[in-house]
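Q: Read off the chains here:
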Amino acid sequence: MIRVPEALIDAIRRAGEAAYPAESCGLVAGRVASDKEAVRVVPMANRRADDPHRYLIDPEDWRRVERELKAEGLEILGYYHSHPDHPAVPSEFDAAHAWPWYSYIIVDVRAGRAGAPASWVLGDESRSFARESLVVLNEVEA
Amino acid sequence: MSVTFFIPTPLRSFTSGQASVDVAGTTVREALDALVTTHDGLRRHLLLEDGRLRNFVNLYLNDTDVRYLAQGETRVSDGDALTIVPSIAGGSGAVAAEPATLSHPEVLRYSRHLLLPEVGVEGQRKLKQARVLLVGAGGLGSPASLYLAAAGVGTIGLVEFDLVDSTNLQRQIVHGTSTVGQPKLASAEARLKDLNPFVKVEGFETRLTSENALEILREFDVIVDGTDNFPTRYLVNDACVLLGKPNVYGSIFRFEGQASVFSAAEGPCYRCLYSEPPPPGLVPSCAEGGVLGVLPGIIGSIQALETIKLILGAGDSLIGRLVLFDALRLRFRELKLRKDPECPICGEHRSIHELIDYVAFCGIGDETAPSGPEVTAGELKRELDQGKQPILLDVREPHEWEIVHLEGARLIPLGQLPNRLAELDGHADIVTICHRGSRSLRALEILRAAGFGHVRSLKGGVDGWAADNDPEMARY
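Chains as they are written, first to last, in numbering that gives the first Met the number 0: chain A, 0 to 141; chain B, 0 to 475.
Okay, chain A solo, but in the shape it has when bound (with noise of 0.2 Å):
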């Protein structure tokens, strides 16, 4: 379970929309506890500017910002993306390249509209993914 306040998920949301009709996407950051718990999202220079429905994460960047994150006492929980005109479920491209444990928020933006971000967890046997439950939270608790 991953719990999500309201605003980093309008957060997401706006993010997807903005970057359509290509693809958004970012660092979801947090604590964990029994449950992770988003503080933050961090959004991240998409590398694939080849191709508007892939997005790449460049590994520099994801150890710079994992570092500052680190130095704040936050952990990377998972990671948003945007299916522009696409499902918010995950692609055979997002299986097959996906990470155990981290959560993968996926948001479908139709003709520019955001729609409710679903988050996925990769199987702990299998490369497919099963629905993560989301909760969002209406405060941002301390």
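For the record, the hints were derived by calculation from the structure and aren't laboratory data.
These figures come from a predicted structure and were not determined experimentally.
Some clues are possibly wrong.
Cross-link-like lysine to aspartate or glutamate pairs, in silico, DMTMM-like; alpha carbons within 20 Å at most [stated by the list, open to error]:
1) Lys308(B) x Glu91(A)
2) Lys308(B) x Glu265(B)
3) Lys458(B) x Glu406(B)
4) Lys380(B) x Glu333(B)
5) Lys69(A) x Asp62(B)
6) Lys69(A) x Glu91(A)
Label pairs and their calculated CB-CB ranges [as the list claims (entries may be wrong)]:
7) Arg130(A) x Asp39(B): 56 to 64 Å
8) Asp62(B) x Ala95(A): 26 to 34 Å
9) Gly114(A) x Leu114(B): 15 to 23 Å
10) Pro42(A) x Lys199(B): 40 to 48 Å
We put the CB at the ideal spot given by N, CA and C, even for glycine.
Given chain A's structure and the hints, the job is docking chain B onto it.
A: Coordinates of chain B only, in the frame set by chain A:
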């Protein structure tokens, strides 16, 4: 040398929660081997089977990606840091052909699939887009085609040239009593369209041959082998290997069945399992040996299941595994199959680069069929009516004898004949009889070799007798 691996959060469940692990090694490769040896769970997430890093795994030696260094051979020094950095990629990938969409009636029809996360809308669309070819619409092809059609596989190809016979209906459930005598292709197509009108059926009313196989198979994603003979089975295998298509294999005999998925890109092919066909005649066909009707139902359903899993990309495929099913004991066994490096079609030094003559390869036509003097049913009846009394020697099995036999005949099954020759009068006129006139010729050869002088074989067997002389007699 001691170096430190930094483990990203998702992989810490494999390192007992540790964020860093110290290992010994003089190169990146050695350090990596040491890491996955002590923490085996990491292996499949980091490495491919051949030991290379997965393409979504980056490994940094201090501040440099090892891909830009000497990769695995890069030397490491005491105190170096190796950091595992996830390469994060994905995307909708909606660049290829627009995925098939589902209409409201389709959504309703497939609702029980859509409720499964492993299928869902995306999986159902994949099924709709898929093109599956069944070679044979008989015992295996019947359940396989029914379940594939019901599951919503968009296009089902059928290769079949035979007519529906009433002896088929004990197991070939895609056909029916109302279609006896019709082409199996038309019969199956009508049934599949009735089961699911959203399915497109493409028929090939022909025998699959070396000349047409590549052309027919090329247009399909998955091939389901429902053949009942070795030449076609090798042909399907070789054509699938040459085209790079998965071959969903099944075979049945009496009470036993086998199933596997041959996909030469990832595992063995049929030739890796059986490099040579058995000698002709050693393995009887269903028509000769019989088959329990439910058995193809089970094996053909396994073929449908594996086909659907291949299309969905779900679960563990039968690639590299052979399932053996024993219906009488109700037991499934599983054998691991290995790719044969010397396989003539999918091995490293392959010798087969195109389709060959499979009838000759399986040695059919080489054997010298038994022959000898024959008597037709009509002639024999006249002789009997004239009062002649040849010994009518039925060489079938006792259970066949029970179905039907000629009046006044005596039974010595073919297998027992060589040891029971003393029961027969060597000077008598003997007529050997079987079901259709082939075993009786073998019996004739045995008798003549033993010195019997007046032996003839009943042409067409008891079946011919029933057809020509006695319409009241049971046929099987």
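Q: Hints first: check each against the structure and report whether it holds.
A: Now the hints, each set against the structure:
1. Lys308(B) x Glu91(A): holds (14 Å)
2. Lys308(B) x Glu265(B): With Cα atoms ~15 Å apart, Lys308(B) and Glu265(B) stay inside 20 Å; holds.
3. Lys458(B) x Glu406(B): holds (17 Å)
4. Lys380(B) x Glu333(B): The hint is violated at about 54 Å.
5. Lys69(A) x Asp62(B): Measuring from Cα to Cα gives roughly 17 Å; hence the hint holds.
6. Lys69(A) x Glu91(A): violated (31 Å)
7. Arg130(A) x Asp39(B): 56 to 64 Å: Once the Cβ atoms are compared, 29 Å apart, the range 56 to 64 Å for Asp39(B) and Arg130(A) is violated.
8. Asp62(B) x Ala95(A): 26 to 34 Å: holds (28 Å)
9. Gly114(A) x Leu114(B): 15 to 23 Å: Given about 21 Å between the Cβ atoms, the range holds.
10. Pro42(A) x Lys199(B): 40 to 48 Å: With Cβ atoms ~45 Å apart, the hint holds.
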